[in-house]
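Based on the hints, put chains B and C in the right spot on chain A.
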Amino acid sequence: MKNASIFLKVFSGIALIRESRVAMVGAIICLFWLFVAVFASVLAPYDPVSTILPMQGPMTDNPAGGTFWLGTDLLGRDILSRIIYGTQTVLLYAPLATFCAYLVGIVMGLVGGYYGGKVDTALSFISNVILSFPVLVLYILIIATIGASGVNIILAVTFASAPGIFRIVRGLTMDLRNREYVSAAQTRGENALWVMFVEILPNARGPLIVDACLRMGYVIITIGVLGFLGMGLPPPTPDWGGMISEARKLFLVFPHMAVFPCIAISSLVLGLNLLSDGLREISLRD
Amino acid sequence: MKKNNKHRYVKQLEGEVKSGQTSRREFLRKSVLLGMSIPVAYGLTGLSMSESVFADNAKKGGNFRVSMRVQEMSDPALFEWSYPSNVARHVIEPLVQMGNDGLARPKLLESWQASDDLKTWTLNLRQNVTWSNGDEFIADDVIFNINRWLDPKTGSSMQSQLISLTHEVDTGEKNDDGSTKMSRVAMPGAVKRIDKHTVQLTLNKADIAIPEALSSFTALIVNRNFTGDFSSNPVGTGAFELVNIEVGVSAILKRRADGLYWGGDALLDQITYVDLGDDTSVDLAAYVSDQIDYSYQVSADQVQAYETIPFIELLSAKSATTGIARMNVTQKPFDDVRVRRAVALAVDNERVLTIGYQDLGSIAENHHVSPIHPEYAPLPKLSRNIDKAKALLAQAGYPNGIDLVIDCSASPSWQTNTCLAIADQVRAAGINLRVNIMPGGSYWDVWNTTPFGLTEWNHRPLGVQVLNLAYRTGAPWNETGYANPEFDRLLDQALTILDAKERSKVVLKLEKILQDDAVMVQPFWLNSYSAVNKRVKNVVLHPSFEHDFNKVWIDA
Amino acid sequence: MIQLIAKRLGIMVLTMLVVSIILFLALELNIESVAIKVLGPYSSDEQRQFWLEANGYTRPVLERYLSWAGNFMMGDFGESVRFRVPVSDILWDRLSNTLILAAATFGIMIPLSILLGILSGMKEGSFLDRVISLICIITTSIPEFASAVFLSAIFVFSLKWLPGTSSMLMGFDVMQLILPAMVLIGYGFGYVARMTRASMAEVMATHYIRTAVLKGLPYHKVIFKHALRNALIAPFTIIMLQINWLLSGVIVVEYAFAYKGFGALLLEASLNNDVYLIEACTMVAVCAAVLTQLIADIGYSYLNPRIRFS
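Residue numbers (the working numbering), protein chains in the order written: chain A, 7 to 292; chain B, 79 to 634; chain C, 996 to 1305.
Just chain A, same shape as in the assembly:
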């Protein structure tokens, strides 16, 4: 029964997007990249890690047949294929990291907002301490200490983003815990866990969804920046930020190597930003 109502809510949520043109455009962009990620093996002409023919410009022919639509990079790997497979990397790690951060942040926020008192003070203090670090400084320290890998990046993102989410959820929880349906549930005898996750959380979904889209955009940028600074996912994983970093030294001669991944990452983040903006517009209209 619970599942059905959730399904209905999601479905109506999707239909809601059509109310805002901005959200529609954003959603289309995001869906496009999602499509690319899912069908990467079909769409990509080459294997993203095999070294074929170095430093070819866009639209050059492969002597062994086929074309390098976007050219090849320094080590001879097809750029189009790397961008396509790079989508998989991005759309694997970014949502995963955001999801983990939300998991932690939501639990913390619900507990802190619902119980208040000392628990709340302690949790707030911890998250303030973490938030007092400039974001990139925190990432650099963490990655430099534990090393750069997919898992570590997810850990770092979770650690750095959870406090911000905690704050939002806490604020919403404190606001919502005074509603009638909450007191009704408490009177009914539901335990705290039920109240938090079944009554309060679903009613907070609006701002959280908006924040989630925005935050995922930040996470994508963060993964890109870490790749750019040399602390990203290890090669030869196709990672847009890493591709841009490698391509910088040849910008003079082969600008295409850096430009295409830049366009890719910018467009994906743009899609998420538009979606988030549109959703906020919709929720404000309600």
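For the record, the hints were derived by calculation from the structure and aren't laboratory data. The C-beta atom is built at its ideal place from N, Cα and C for all residues, glycine as well. Honestly, I wouldn't trust all of these hints.
[Stated by the list, open to error] Examples of chain C residues lying across from chain B (beta carbon under 8 Å, computed):
(1) Ile-1031
(2) Arg-1079
(3) Val-1080
(4) Ile-1085
(5) Trp-1087
(6) Ser-1147
(7) Phe-1152
(8) Pro-1158
(9) Gly-1159
(10) Ser-1162
(11) Gly-1166
(12) Lys-1255
(13) Asn-1268
Positioned in the frame of chain A, the structure of chains B and C alone reads:
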């Protein structure tokens, strides 16, 4: 001026050249080491000499801006990298300097002689050399420096380069485990003052490479009153003075004001070293916007980019610098020689050269002796054999392939590119090689102990020098843990043979042992590259990236 | 009010304390690894033991922490492993460089974004509003490293108007400041502009503004005398918090353009395990962030009449 007596061995060399047994290049090198003056040696061989000279229209003045890491410079004997040595070399000078042609040239020395048994070396100091504080350069300066290098308390790497001047003594103390504590010190009488401009070195075994040791980047001569911090009191014999140094930012050298440099005034007014960090794209941008004229090194993957800049000239030098993907034979799974051989067989070194270094080098053969080394012996060409590699892996217990990890440093980028190229190659044999890229200097924390890693080895003039440093049982830089008594025995034998041709017969066996034991995958030798703004003249790239800008001038 | 400030200050000090403890434990708990980081990979066990004893590392953790914290507050940050000079010699120079960059960035970004925010918020839904909002969204989607690459390609390599690196070798050169500042401004102005817009739009919709307009007050008077004062309260705090963003953004920009600033220093220290430098840089960065948060909090409380007079 002392008469330049021809060493007895030189006469033998002359005979060998005539009969074709020794190449003219090798004759040049040997005879110069034995004390013959370079012009005379060149004359005897008929080879043409290229010396940097000031053109007639050379102009005085200008600021030569060079991009290079600027490190601290307190004790020249303790330099670990060549960067501070490059700055310092314009202020303090070595006794001997290696030219780009691989020949040892006297710098603060005028000449040297070796005894017939190569155990006694007489160093004749250059006369009329004045320190920047007014002192005269005399034997006491040289003796002070050499004794400093040999003193264990200094901790200089020169001690191991001049090891034949030292011996171990009992300190009278005991180690933690009860064994006697030994200390390596200079032998009494090893360094003797003959007169004001002559120093004699007495070795405990024959060593032909003494001049080469004295040309090391850690062998810059400081004033006899040196108290320990060079950068705060930079007294020197050189053509420039250190005006300012800010670690991590810049170092400024100005032409020596008193005009007393023994080699004649330099033409440059100033040399400015700027530290632009490790990011190579920054260097490129700096060249393009005319913020620098020269840099320490240009990475091979940018050569094409530099070729498109019209006012930049690309310089190159063949060198014996290389990267070895070495496997530590004491750690699993590399303790099984079949696994190592499988890895080596799965790699096509030529392909790795193309992908990892843009074909800007020469193919290597997995045994660390370069064709430019005098004792190099050619072996049959290696070829990739995937089936054999798979078979070997199956024999070793990995019929379905094996997962391996190779550590490498994030910069310079060719090291990462090479590892990736190797990883791409070995996949066909079922070897899933993950490349662990370690940023900053963290690779150097593990270079010695990691089971599989790519280590850069700098150019050295002799093949046996590297074999001795890296593959002898228990050698300090033996990162592979390789311990083969047969190899050691042959290496000892090779080190006593002065004649390169003879030595190469023994080196052939050494090369074969290393290849068969598959201690490393060594894909290529690097060419060194740098780029200079065309208005700057007389800049030559040294294979070990040594800087000497005394004869550089700017055509503004 | 004073109570508020005192309380906030107390929290700030406590935060700094906790951060310093975490940092110290993370970096200096394992004394072996500290010795290796300082003396290098070639050092022998004997040399490390000797160094550890000579530098007081054999004392218990608490004593070491207190001694470190004490030194730190006196301004003695230890010696940098990579540069081999006292940390304070490098740190303050680099910090002032970053402050110059920050001043240049904020000096242009703040007026620009406030202006754009006001213009778009004044008439919500107008064509101008839509255009400005779109521009803002697009610019905040392009990461700093991407715009650094694009702008370099245009201004350094194609047009050759601007220098490619910003290392200020020959003394201060304002031309070298332009690209780094442009990248930061380009990314940052969008956010502040949109926040200002939101605040402005909210104020414009309030009763008293609508009343003023209906009363017949000239439009510009409405804006300048009434709307702005209230609309700018929230942006003020946003701007203070942007300093926190700047401390991050500056790292990428300084790295990309070789600007000898604080951000590049922190990055280099982290990549090279320069323990004392990392500690000092992090503490300074956190201090700056916390300080700006404090000022933002106090400023907001002061400016917002509802809170000030409560």
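Just to be careful: measuring from the Cβ of Arg-1079 of chain C to every Cβ in chain B, is the smallest value less than 8 Å? holds (4 Å)
Restraint satisfaction for Asn-1268 of chain C [CB to CB of chain B, less than 8 Å]: Hint on Asn-1268 of chain C: holds, closest Cβ of chain B at ~7 Å, below 8 Å.
Can the hint on Pro-1158 of chain C be confirmed by a CB-to-CB distance to chain B that is less than 8 Å? holds (4 Å)
Is the interface hint satisfied for Ser-1147 of chain C? The criterion is a beta-carbon contact with chain B at less than 8 Å. Cβ of Ser-1147 of chain C sits 7 Å from chain B, so the hint holds.
Interface hint check: Lys-1255 of chain C, Cβ to nearest Cβ on chain B, cutoff 8 Å. Holds or violated? holds (6 Å)
Status of the Ser-1162 of chain C interface restraint (C-beta, 8 Å, chain B): holds (6 Å)
Using Cβ atoms only, decide whether Gly-1159 of chain C comes closer than 8 Å to chain B, and label the hint accordingly. holds (3 Å)
How about Phe-1152 of chain C: closest beta carbon in chain B under 8 Å, or not? holds (6 Å)
Can we keep the Trp-1087 of chain C interface hint, with Cβ of chain B closer than 8 Å? violated (13 Å)
Would the hint on Val-1080 of chain C be counted as holding, given a Cβ-Cβ threshold of 8 Å to chain B? holds (5 Å)
Hint validity - Ile-1085 of chain C Cβ closer than 8 Å to any chain B Cβ: Status holds, d = 7 Å.
Quick check on Ile-1031 of chain C please, does its C-beta sit within 8 Å of some C-beta on chain B? At 7 Å from the nearest chain B Cβ, Ile-1031 of chain C passes the 8 Å test, so the hint holds.
Violation of the numbered hints given earlier is confined to hints 5 and 11; the remaining hints are satisfied by the structure.
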